[in-house]
Amino acid sequence: MIQKLERKKMVITGDYAAAYGGMISGAEVVAAYPITPQTLIVEDFATFVNDGITDAEFIMVESEHSAMSACIAAQAAGARTFTATSSQGLALMHEMLFIAASLRLPIVMPVVNRTVAAPIGIWCEYNDSMPQRDTGWMQMSCEDNQEVLDMVIMSYKIAEHRDVLLPIMPCLDAFILSHTVEPVEAPSSDEVAQYLGKYEPVAKLDTENPMAIGTFAPPEYIQELRYHNHMAMENAKRVIREVTRDFARTFGHDYHGLIEEYRCDDADVVLITIGTVTGTAREVVDELRERGKKVGLVKLRFYRPFPREELQKIAERVGAIGVYDRAVSFGSGGPMFIETRHALYGHSIPIMNFLAGIGGRDVMKKDVEKMFEMLLEAKEGKTSKEIVWIGTRGVTP
Amino acid sequence: MLQEIIFYGRGGQGSVTAANLLASAALKSGNRGVQAFPFFGAERRGAPVKAFARISDEEIFVRSQITEPDVVVVLDTGVMDAIDVTQGLKEDGVILLNTNQQADDFSFTQKIATVDATSIALKNNILVGGIPVVNTPMTGALVRIIKGVEIEALKEAMRERFGKQAESNARAAEEAYREVKL
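Just so you know, the sequences run in chain order P and V. Following my numbering, the numbering of the first sequence begins with 1 at its first residue and continues without gaps. Following my numbering, the numbering of the second sequence begins with 1001 at its first residue and continues without gaps.
Simulated from the structure, these hints should not be mistaken for lab results. As the structure is a computational prediction, the values presented were derived from the model and not from experiment. Each hint should be verified, as a subset may be incorrect.
Claimed, not checked - Quick list of in silico lysine-lysine cross-link-like pairs, DSS-like style, CA-CA up to 30 Å:
hint, chain 1, residue 1, chain 2, residue 2
1, V, 1164, P, 293
2, V, 1164, P, 313
3, P, 293, P, 313
4, V, 1111, P, 9
5, V, 1123, P, 9
6, P, 4, V, 1090
7, P, 294, P, 204
8, P, 4, V, 1147
9, V, 1164, P, 8
10, P, 9, V, 1164
11, V, 1028, P, 370
12, V, 1111, P, 366
13, V, 1164, P, 365
14, V, 1090, P, 366
15, V, 1090, P, 8
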């Protein structure tokens, strides 16, 4: 149970927005271990518990591995759960992520994207969340703090849907969102309670009727389980589209499904971005449009499930596509680039990869402008470069 | 109109809090675009730190750090020995210094504003661990220099954030707002 909270506009960090989202969604069990830059989420949620705003059970754990284990157990017992992590913490959790997904437990875990060592860094890179691609978790990225709050609420709606039942990590950029304050409108607790309803597990651990889950299965069973997980991820696409439409009607903020198109209608080239670089890229698109360049932007929100169908439609009408990545699969390019190429198999337009902001390096307007310049060249057949490192010492883009 | 501000200070002086208070006050004053964020290095007490704020009557989308500020706020002029605080500062920009010296004692090409925030903090007895808190008076002086943020909104933001300590901080901010020399 949580106290009655009114609708309000706050000036808050992305971390606070994540914690507030979990709290107002009625998370009943929280188990989390603090790690920079996720720390504020744990502190803020602990404050909500301390101040009696929520009576959620806050479990102190000794590691992220234990945090996820505790959430798995609590969710399996029928509780709505919440946790959060970053970087090495997520890496340590890796083993348990498979279990949460395979047991079809709709756990919600904001991940504050931070570089994974070595060397030790605390800034933004997606090499923590993107390597979790095949654990069975849904994964999406936020552009601003409003989206963080809204997305945590929507995460419960999507994850708990009977056609999905998969855990989800809404991601936010280290410091650029986690520690940045900006205005965020929060809905009232009554509105959220009515929107989400009570969590009704399909099956749950019950001391009156004991059972064991996830114990042992021979080859006769596992292949079908994997197929069902695969189909659940496919179903999630439809559910995400429905949920964002419904959320827009209910709360007035429209996130347009798995992707958002920005000035793509008559675009010659489009750049696919993820996370906070999207905001900077919006301003670059506006400036280039004023100079007569027909450029557009696709904000990719979901990495899993991947919006294959949406991108195929866009590829049919543009002359070149760029993909911005903030992580690299060594020897193959950025994870989103690999995914986009796979989704657009059979399309003959140039698809370029731009790597920038790695390790938290600042991505400036001039960097994004460079990406568009190269895309316009690619459309004219003036460059055949594929993987381009932007703003890297000793490397010419 | 977009206004970009960089705060320079030392770890523990509250540069980040100053930027956050300014953001809250800016929203209360009716600005649509409000953003404040720290530059995080290996932060520790006493080390030079930096925080950023953007204020606009329109929504703000850009997320990169600020490289060409309109105003730089220096909470501790000692950091100027190590850092060029005017780097990137616009030609018609302003440097706001916490100092008991006069503007003429400094040589910058841009406009200089001065306020003795340390004395104001001591007078109002706002201390943390015996060290005068200069971030709140400096923010008070700042709202005099920039456009579109009301001093009353800043005091209100302090009341929301500081509880019992709010009044002395709000008083210090008001004094600095009046006393800053432009």
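Structure-based check of all given hints:
Proposed proximity of residue 1164 of chain V and residue 293 of chain P is contradicted: the alpha carbons are some 55 Å apart, above 30 Å. Our distance criterion of 30 Å between C-alpha atoms is broken by residue 1164 of chain V and residue 313 of chain P, whose separation comes to about 58 Å. For the suggested pair residue 293 of chain P and residue 313 of chain P, the alpha carbons sit about 21 Å apart, so the restraint of at most 30 Å is met. Restraint check: the Cα-Cα separation between residue 1111 of chain V and residue 9 of chain P comes to about 36 Å, which exceeds 30 Å; the hinted pair is violated.
As the CA atoms of residue 1123 of chain V and residue 9 of chain P are separated by approximately 35 Å, the hinted pair breaks the 30 Å bound. The suggested pairing of residue 4 of chain P with residue 1090 of chain V is violated, with an alpha-carbon distance near 48 Å, which exceeds 30 Å. Between residue 294 of chain P and residue 204 of chain P the alpha-carbon distance is near 54 Å, which puts this suggested pair outside the 30 Å criterion. At roughly 37 Å between alpha-carbon atoms, residue 4 of chain P and residue 1147 of chain V are farther apart than 30 Å, so this suggested pair is violated.
Proximity of residue 1164 of chain V to residue 8 of chain P is assessed by CA-CA distance (about 23 Å); at most 30 Å being required, the pair is judged to hold. For the hint linking residue 9 of chain P to residue 1164 of chain V, the alpha-carbon distance of about 23 Å falls within 30 Å, and the restraint holds. Taking the CA atoms of residue 1028 of chain V and residue 370 of chain P, the gap is about 37 Å. The hint is violated against a cut of 30 Å. Between the alpha carbons of residue 1111 of chain V and residue 366 of chain P the distance comes to roughly 28 Å, so the proposed pair stays at or under 30 Å and holds.
For the suggested pair residue 1164 of chain V and residue 365 of chain P, the alpha carbons sit about 43 Å apart, so the restraint of at most 30 Å is broken. For the suggested pair residue 1090 of chain V and residue 366 of chain P, the alpha carbons sit about 18 Å apart, so the restraint of at most 30 Å is met. Distance hint between residue 1090 of chain V and residue 8 of chain P is unfulfilled; the C-alpha atoms sit about 36 Å from each other, more than 30 Å.
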